[in-house]
Amino acid sequence: MTDAASPPAAAPASPTENAVEMTGVSYGYDASRLVLRGIDMTISRGKVVAIMGGSGCGKTTILRLIGGQLRPQAGRVLVAGQSVPDLDRDALFALRRKIGMLFQFGALFTDMTVFENIAFALREHTNLPNELVRDLVLMKLNAVGLRGTAELRPAELSGGMARRIALARAIALDPMLMLYDEPFAGLDPISLGVVGQLIRELNDALGITSVVVTHDVYESLKIVDYLYFVSEGRIIAQGTPEQVKASQDPFVRQFVDGAPDGPVPFHYPARPYSDELAAYAS
Amino acid sequence: MPADTIASGLRRIGAGAIKAVTRVGFSARFFMVVLSRTPDAFRRGRLTMREIYFAGVLSLVIIMVSGLFVGMVLGLQGYDSLNKYGAGDSLGVFVGLSLVRELGPVVAGLLFASRAGSAITAEIGLMKTTEQLSAMEMMAVDPLARIVAPRFWGGVISMPLLAALFSVMGVFGAYLVGVRLIGLDSGAFWGNMRAAIEFWPDITNGIIKSVVFGVAVSLIAVFEGYDAKPTAEGVSSATTRTVVGASLAILALDFILTVFMFRGIGG
Amino acid sequence: MNRTAMDLWVGIFVAIGLAAIVFLALKVGNLTSLNTVPSYRLEARFDNIGGLKMRAPVKAAGVVVGRVDGIRLDAKTYEAVVALKIDNGYQFTKDTIASILTSGLLGEVYIGLDAGGDTVMLADGATIGKTQSAVVLEKLIGQFLFDKAGSGAAK
Numbered sequence: 111m112t113d114a115a116s117p118p119a120a121a122p123a124s125p126t127e128n129a130v131e132m133t134g135v136s137y138g139y140d141a142s143r144l145v146l147r148g149i150d151m152t153i154s155r156g157k158v159v160a161i162m163g164g165s166g167c168g169k170t171t172i173l174r175l176i177g178g179q180l181r182p183q184a185g186r187v188l189v190a191g192q193s194v195p196d197l198d199r200d201a202l203f204a205l206r207r208k209i210g211m212l213f214q215f216g217a218l219f220t221d222m223t224v225f226e227n228i229a230f231a232l233r234e235h236t237n238l239p240n241e242l243v244r245d246l247v248l249m250k251l252n253a254v255g256l257r258g259t260a261e262l263r264p265a266e267l268s269g270g271m272a273r274r275i276a277l278a279r280a281i282a283l284d285p286m287l288m289l290y291d292e293p294f295a296g297l298d299p300i301s302l303g304v305v306g307q308l309i310r311e312l313n314d315a316l317g318i319t320s321v322v323v324t325h326d327v328y329e330s331l332k333i334v335d336y337l338y339f340v341s342e343g344r345i346i347a348q349g350t351p352e353q354v355k356a357s358q359d360p361f362v363r364q365f366v367d368g369a370p371d372g373p374v375p376f377h378y379p380a381r382p383y384s385d386e387l388a389a390y391a392s
Numbered sequence: 151m152p153a154d155t156i157a158s159g160l161r162r163i164g165a166g167a168i169k170a171v172t173r174v175g176f177s178a179r180f181f182m183v184v185l186s187r188t189p190d191a192f193r194r195g196r197l198t199m200r201e202i203y204f205a206g207v208l209s210l211v212i213i214m215v216s217g218l219f220v221g222m223v224l225g226l227q228g229y230d231s232l233n234k235y236g237a238g239d240s241l242g243v244f245v246g247l248s249l250v251r252e253l254g255p256v257v258a259g260l261l262f263a264s265r266a267g268s269a270i271t272a273e274i275g276l277m278k279t280t281e282q283l284s285a286m287e288m289m290a291v292d293p294l295a296r297i298v299a300p301r302f303w304g305g306v307i308s309m310p311l312l313a314a315l316f317s318v319m320g321v322f323g324a325y326l327v328g329v330r331l332i333g334l335d336s337g338a339f340w341g342n343m344r345a346a347i348e349f350w351p352d353i354t355n356g357i358i359k360s361v362v363f364g365v366a367v368s369l370i371a372v373f374e375g376y377d378a379k380p381t382a383e384g385v386s387s388a389t390t391r392t393v394v395g396a397s398l399a400i401l402a403l404d405f406i407l408t409v410f411m412f413r414g415i416g417g
Numbered sequence: 015m016n017r018t019a020m021d022l023w024v025g026i027f028v029a030i031g032l033a034a035i036v037f038l039a040l041k042v043g044n045l046t047s048l049n050t051v052p053s054y055r056l057e058a059r060f061d062n063i064g065g066l067k068m069r070a071p072v073k074a075a076g077v078v079v080g081r082v083d084g085i086r087l088d089a090k091t092y093e094a095v096v097a098l099k100i101d102n103g104y105q106f107t108k109d110t111i112a113s114i115l116t117s118g119l120l121g122e123v124y125i126g127l128d129a130g131g132d133t134v135m136l137a138d139g140a141t142i143g144k145t146q147s148a149v150v151l152e153k154l155i156g157q158f159l160f161d162k163a164g165s166g167a168a169k
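Residue numbers (our numbering), protein chains in the order written: chain L, 111 to 392; chain P, 151 to 417; chain H, 15 to 169.
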């Protein structure tokens with residue numbers, strides 16, 4: 111794996127410590143149906159890493175395991191050296207204050223204005239005076255280019271704008287780790303470019319680590335340092351953007367090329383066609 | 151084969167029963183957790199105040215108008231029957247007792263469950279569907295403390311006040327019908343009522359009932375919202391479950407409480 | 015809905031709600047009546063108490079002066095022994111008569127006290143000497159029919 115230019119190490123902990131480490135992680139809603147089997151993943155500080163795969167393959171589950179919303183049936187999940195499933199409620203909340211998450215479609219609080227949404231974490235977790243909170247909120251809004259929307263309500267925002275506001279909200283407390291759940295889903299081409307650029311620039315400017323769950327190959331290859339491909343609960347391929355583009359792995363090729371049929375079949379399993387058509391029924 | 155269908159039918163009933171009992175247990179645990187978040191709900195008084203507004207103030211119109219109509223109907227029907235025994239002057243007693251002991255808490259409770267209970271369930275369910283609760287969790291803010299507990303206490307505080315207002319409007323409605331319309335003696339109306347209704351046990355038991363109903367409705371409303379399936383139909387069926395479940399709970403609790411409270415009457 | 019407006023409405027709501035409770039207590043119920051007034055006990059024995067119940071009022075000249083505090087049967091004399099709780103403010107003479115009366119045709123049963131002219135007052139725990147039992151409707155009707163039959167036969 112070729113190293114991208116290493117960003118300034120802003121984290122106070124040991125610079126060799128990985129931001130996220132998952133070893134042998136398995137998870138399932140019940141024991142018989144495992145969504146993830148034996149996942150091994152290492153995400154170094156300062157990197158932007160993409161987790162790709164088809165719908166329903168467990169990508170979002172990985173984010174929830176990192177954030178401590180789910181507990182793995184097996185394996186270890188380490189975030190900044192701490193084992194997430196073993197944390198008690200206070201320690202988990204302390205860890206979450208250092209993690210920012212961008213949810214699919216934003217998940218903005220609909221009963222508050224844009225300003226109040228971004229100020230939420232600041233007001234809940236700090237005792238900063240109102241003027242300082244106001245300045246910080248405006249700074250975050252400016253970073254995503256939407257300073258003028260401060261008094262609007264989420265219902266009045268377009269999809270792309272809501273996504274960027276949610277991003278501003280996620281970085282309100284200057285987290286050390288950013289998790290993105292399908293940040294590109296449903297956006298127009300301009301917004302796609304904007305969001306992708308913001309993810310990369312914020313990661314480098316703030317010296318943080320970013321994990322992006324997505325199935326948008328084009329945007330990912332433009333901005334990430336490393337990719338993991340997940341299918342049916344396992345990691346079946348990984349590498350840098352150059353390695354992925356040159357890969358001959360059939361799954362990676364089907365994904366990158368967007369081919370309808372390949373290792374991920376076009377047809378949902380069913381009986382042979384000739385058996386089902388009335389004209390051929392015996 | 152009949153044996154198979156019977157067996158599978160029994161299995162389904164058994165599974166359904168186990169699921170129902172598990173749900174009851176889960177909701178009991180949920181109740182404990184919500185109660186434990188009470189200090190947080192009141193530390194930021196504004197949170198609970200906002201919920202009292204949405205649950206209580208916005209229910210004022212329907213409660214008071216319904217109370218007025220129920221009182222007027224009680225006045226008409228009551229007078230019709232009482233007059234046959236020459237006891238028309240006891241209309242105040244009849245209406246007052248009915249409202250304070252039973253109709254006030256129960257009908258106000260049912261209306262509250264339909265209006266405020268369903269709104270609470272829909273709101274929480276919608277926040278769950280749009281991942282707002284999840285987002286709050288990931289921002290290290292406990293949604294049970296910030297969203298659920300204030301709504302629970304908003305309901306519990308609003309309920310007794312609404313029940314009392316219902317009863318007052320009902321008595322006023324009966325007064326309008328009995329004294330103004332039919333022409334009963336105002337003094338007899340109020341005097342007999344005052345003589346027959348005691349603070350203890352009638353009014354205090356009515357207040358206790360409305361508090362119990364408030365707890366039941368609010369608990370069911372927040373639980374169904376929090377437990378709803380995060381889809382459009384999930385939220386809609388959760389809302390239905392709140393209204394139906396809370397209404398049945400009110401009627402069942404009313405029976406139990408009445409047996410305990412008014413057992414001495416007639417003895 | 016800004017904050018001050020919401021605060022105002024919540025304040026109004028809580029205020030009228032509490033006012034409704036107070037109104038019910040005072041105007042609809044009878045909270046101001048004697049619940050925690052100091053009192054003393056008297057006893058009265060009756061052959062038949064009729065429909066007298068616990069906590070029934072004790073009235074003198076139509077004014078409520080106390081409540082029935084206990085009803086039991088004397089196993090030896092087969093009389094009903096009724097305990098009365100009378101307010102300290104009212105004293106009754108030793109020759110007071112206690113009667114079981116009904117207010118109106120369908121009204122509740124209560125105990126009426128008629129004070130006499132004795133100079134000595136009943137003390138705490140004393141027994142009222144003269145009592146009048148309840149009028150049992152069946153016996154009254156039976157008496158009436160008996161009289162009627164008697165006067166009819168005499169003609």
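The hints are simulated quantities; they were obtained by calculation from the structure and are not laboratory data. Fair warning: there could be bad hints in the mix.
Stated by the list, open to error - In silico DMTMM-like cross-links for lysine to aspartate or glutamate, where the CA-CA straight-line distance does not exceed 25 Å:
{"id": "1", "chain 1": "H", "residue 1": "K67", "chain 2": "P", "residue 2": "E348"}
{"id": "2", "chain 1": "H", "residue 1": "K144", "chain 2": "H", "residue 2": "E122"}
{"id": "3", "chain 1": "P", "residue 1": "K234", "chain 2": "H", "residue 2": "E122"}
{"id": "4", "chain 1": "H", "residue 1": "K67", "chain 2": "H", "residue 2": "D101"}
To be verified - The following label-pair restraints were derived from C-beta to C-beta distances:
{"id": "5", "chain 1": "H", "residue 1": "M135", "chain 2": "P", "residue 2": "S186", "range": "37 to 45 Å"}
{"id": "6", "chain 1": "P", "residue 1": "V361", "chain 2": "H", "residue 2": "T141", "range": "37 to 45 Å"}
{"id": "7", "chain 1": "L", "residue 1": "R263", "chain 2": "P", "residue 2": "R173", "range": "32 to 40 Å"}
{"id": "8", "chain 1": "P", "residue 1": "R162", "chain 2": "H", "residue 2": "D21", "range": "31 to 39 Å"}
{"id": "9", "chain 1": "H", "residue 1": "A33", "chain 2": "L", "residue 2": "A204", "range": "44 to 52 Å"}
Here the structure is a predicted model, which is why all the values come from computation and not from measurement. Don't be surprised by glycine CBs; every beta carbon is placed ideally from N, CA and C.
ask   = Hint by hint, which ones does the structure fall short of?
value = Violated hints (numbers, rising): 5 and 8; every other hint is consistent with the structure.
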